[in-house]
Amino acid sequence: MDDCLQALADPRRRQIVELLLEQDRPVGELVQALPIAQSGVSRHLRILKDAGLVHVRAQGQQRIYGLRPERFEELSTWLDRYRALWEERLDRFETVLKQAQSAKADKES
Amino acid sequence: MSGRQVIERVWDAPLDVVWELWATPKGLSSWWGPNGFTVEVLTMELHEGGTFSYTMRASSPEMAEKMKAGGRPSEFTVNATYTDVQPKTTLAYKSPFGPEFMFTSVTFEEAADGVHMTLVIDATKPEMTGGAAGGWRSAVDKFAAHLATMS
Numbered sequence: 001m002d003d004c005l006q007a008l009a010d011p012r013r014r015q016i017v018e019l020l021l022e023q024d025r026p027v028g029e030l031v032q033a034l035p036i037a038q039s040g041v042s043r044h045l046r047i048l049k050d051a052g053l054v055h056v057r058a059q060g061q062q063r064i065y066g067l068r069p070e071r072f073e074e075l076s077t078w079l080d081r082y083r084a085l086w087e088e089r090l091d092r093f094e095t096v097l098k099q100a101q102s103a104k105a106d107k108e109s
Numbered sequence: 001m002s003g004r005q006v007i008e009r010v011w012d013a014p015l016d017v018v019w020e021l022w023a024t025p026k027g028l029s030s031w032w033g034p035n036g037f038t039v040e041v042l043t044m045e046l047h048e049g050g051t052f053s054y055t056m057r058a059s060s061p062e063m064a065e066k067m068k069a070g071g072r073p074s075e076f077t078v079n080a081t082y083t084d085v086q087p088k089t090t091l092a093y094k095s096p097f098g099p100e101f102m103f104t105s106v107t108f109e110e111a112a113d114g115v116h117m118t119l120v121i122d123a124t125k126p127e128m129t130g131g132a133a134g135g136w137r138s139a140v141d142k143f144a145a146h147l148a149t150m151s
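Residue numbers (the working numbering), protein chains in the order written: chain A, 1 to 109; chain B, 1 to 151.
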């Protein structure tokens with residue numbers, strides 16, 4: 001998961017992800033849309049690919065890049081789980097709070 | 001998950017008791033860790049910029065084994081920094097989260113029916129990523145929004 005976050009932490013790579021959200025694109029189109037050299041685009045694409053966020057397929061002479069939805073869904077699910085973890089933690093808080101109060105009441109009575 | 005998570009609870013208890021459980025090492029460690037884990041608070045410097053760090057470790061060999069099998073460490077330390085502390089009112093900190101930060105803040109307000117607690121979890125804040133539209137989080141949100149338009 002960390003490599004996914006690392007990959008998406010870069011604003012240029014997020015821009016690439018946004019372009020690929022619209023549709024799959026060949027490298028040339030991405031180079032045209034971005035103010036960086038082809039080598040830079042290729043490097044970013046390699047990082048995104050290594051993180052499992054994009055896939056590539058050959059179409060004739062062209063290499064077409066697209067997003068891998070499952071990785072994004074994983075990230076999204078993982079964030080949902082974070083909320084669930086807090087809900088559980090607060091349930092424990094409630095239990096401990098009740099114990100603290102009854103202990104206090106015992107002391108005072 | 002939307003850009004920001006808010007959890008609200010009402011505690012039927014005095015504010016003093018609630019605050020003590022959040023803002024003392026002994027209090028916090030009594031509920032912070034999940035079952036099967038013990039939490040040791042290392043530092044709790046209750047002021048803006050102060051350190052909040054703790055170690056969470058598996059409390060039994062079985063749990064340690066389970067973590068190891070899942071490829072996770074059986075013990076880890078979290079080093080967070082308080083971003084806002086107002087006694088008995090606000091406790092906010094940021095903790096490392098991937099390459100960025102997770103922002104957590106909890107506020108308390110006394111009311112007739114008890115202490116109203118509001119917990120806000122923010123995976124990233126735009127101002128912390130140089131205004132770059134909220135870090136990796138924005139990419140995930142945009143993806144979710146895109147999926148929604150397709151279905």
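No wet-lab data here; the hints were simulated from the structure. By construction, the Cβ of each residue, glycine as well, lies at the ideal position given by its N, Cα and C atoms. Errors might be hidden in some of the hints.
[To be verified] Calculated lysine to any residue pairs in the SDA-like style (CA-CA distance at most 25 Å, straight line):
| no. | chain 1 | residue 1 | chain 2 | residue 2 |
| --- | --- | --- | --- | --- |
| 1 | B | Lys-88 | B | Ala-144 |
| 2 | B | Lys-68 | A | Thr-95 |
| 3 | A | Lys-98 | B | Ile-7 |
| 4 | A | Lys-104 | B | Asp-113 |
| 5 | B | Lys-26 | B | Ile-121 |
| 6 | A | Lys-49 | A | Pro-35 |
| 7 | B | Lys-94 | A | Ala-37 |
| 8 | B | Lys-88 | A | Lys-49 |
| 9 | B | Lys-26 | A | Ala-105 |
| 10 | B | Lys-26 | B | Arg-4 |
[What the hints assert, rightly or not] With the Cβ distance kept under 7 Å, some of the chain A side facing chain B (calculated, not the full set):
| no. | residue |
| --- | --- |
| 11 | Phe-72 |
| 12 | Leu-75 |
| 13 | Trp-86 |
| 14 | Val-96 |
Here's how the hints hold up against the structure:
1. B:Lys-88 to B:Ala-144: Violated, at about 37 Å.
2. B:Lys-68 to A:Thr-95: 29 Å, violated
3. A:Lys-98 to B:Ile-7: 20 Å, holds
4. A:Lys-104 to B:Asp-113: 19 Å, holds
5. B:Lys-26 to B:Ile-121: Holds: B:Lys-26 and B:Ile-121 sit about 24 Å apart, inside 25 Å.
6. A:Lys-49 to A:Pro-35: Holds: A:Lys-49 and A:Pro-35 sit about 21 Å apart, inside 25 Å.
7. B:Lys-94 to A:Ala-37: Violated, at roughly 36 Å.
8. B:Lys-88 to A:Lys-49: Violated, because 47 Å separates the two Cα atoms, which is more than 25 Å.
9. B:Lys-26 to A:Ala-105: With Cα atoms ~20 Å apart, B:Lys-26 and A:Ala-105 stay inside 25 Å; holds.
10. B:Lys-26 to B:Arg-4: 29 Å, violated
11. Phe-72: 4 Å, holds
12. Leu-75: 5 Å, holds
13. Trp-86: 6 Å, holds
14. Val-96: Check passed: Cβ of A:Val-96 comes within 4 Å of chain B, closer than 7 Å.
In summary, the structure is inconsistent with hints 1, 2, 7, 8, 10 from the numbered list given earlier, while agreeing with the others.
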